[in-house]
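A.B. asks: Protein chains in written order, with the numbering used here: chain E, 81 to 193; chain L, 31 to 144.
There could be a bad hint or two in this list.
Short, incomplete list of chain L residues facing chain E, as computed with Cβ under 7 Å [stated by the list, open to error]:
| # | residue |
| --- | --- |
| 1 | Tyr40 |
| 2 | Gln71 |
| 3 | Pro73 |
| 4 | Leu75 |
| 5 | Gln78 |
| 6 | Gly83 |
| 7 | Val84 |
| 8 | Val85 |
| 9 | Asp86 |
| 10 | Ala137 |
If you are wondering where the hints come from, they were derived from the structure by calculation, not from laboratory data. All figures in this text were calculated on a predicted structure; none of them were measured in a lab. Yeah, the Cβ is synthetic: ideal placement off N, Cα and C, and Gly gets one too.
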Amino acid sequence: ILNVEQSPQSLHVQEGDSTNFTCSFPSSNFYALHWYRWETAKSPEALFVMTLNGDEKKKGRISATLNTKEGYSYLYIKGSQPEDSATYLCAPVSSGNTGKLIFGQGTTLQVKP
Amino acid sequence: EAGVAQSPRYKIIEKRQSVAFWCNPISGHATLYWYQQILGQGPKLLIQFQNNGVVDDSQLPKDRFSAERLKGVDSTLKIQPAKLEDSAVYLCASQGAWGANVLTFGAGSRLTVL
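Starting from the given sequences, assemble the full structure and let the hints guide the process.
C.D. replies: As structure tokens, this is what we get:
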């Protein structure tokens, strides 16, 4: 079973603040890293899938970086808005297995207006 | 394209009763997952199907949980008998291809066991 750690567990910021979270995972047998956003009362939705070391992806005010050699990914939110309030989940995929996604415990972000 | 359909959305049962959840994935998606999400934790993989075959069920409590995916389309997850610790959201997700393709999740089925 993959050991996936996300930090911090929860975060409270003011509207307009920029913030970032960390996802740590085993660097061996790396294949891909997924990020999802899960808003209350909705389905988790995909943000990014990253596969290459040094990869950087961006979607509006949200961006993510990937370091496969040391086994971590950062998710950044620039100028947080109340609608960014959600739980952010990461899930690495290992090569040589079933392709299953093993999720971390998530980082819950609360943005206060 | 239609999303992943799940039902029921909410279910309240007494312990030792049984419950079944249904999932209809996106058309053409070969891979289907069931996850259990307990409050304060990340989603835990229960079972992974590829078409109608089980690929991984290593974390499925097989003494009380069962799942099937007949004809490689719809899937049903059953709990019998339920325990208090089974209270959770049960998420179904489908995936078009292995590994790097995103998962599309259903809205989830929230189970409360009293």
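A.B. asks: Sort out which numbered hints this structure fails and list those numbers smallest first.
C.D. replies: 1, 6, 7
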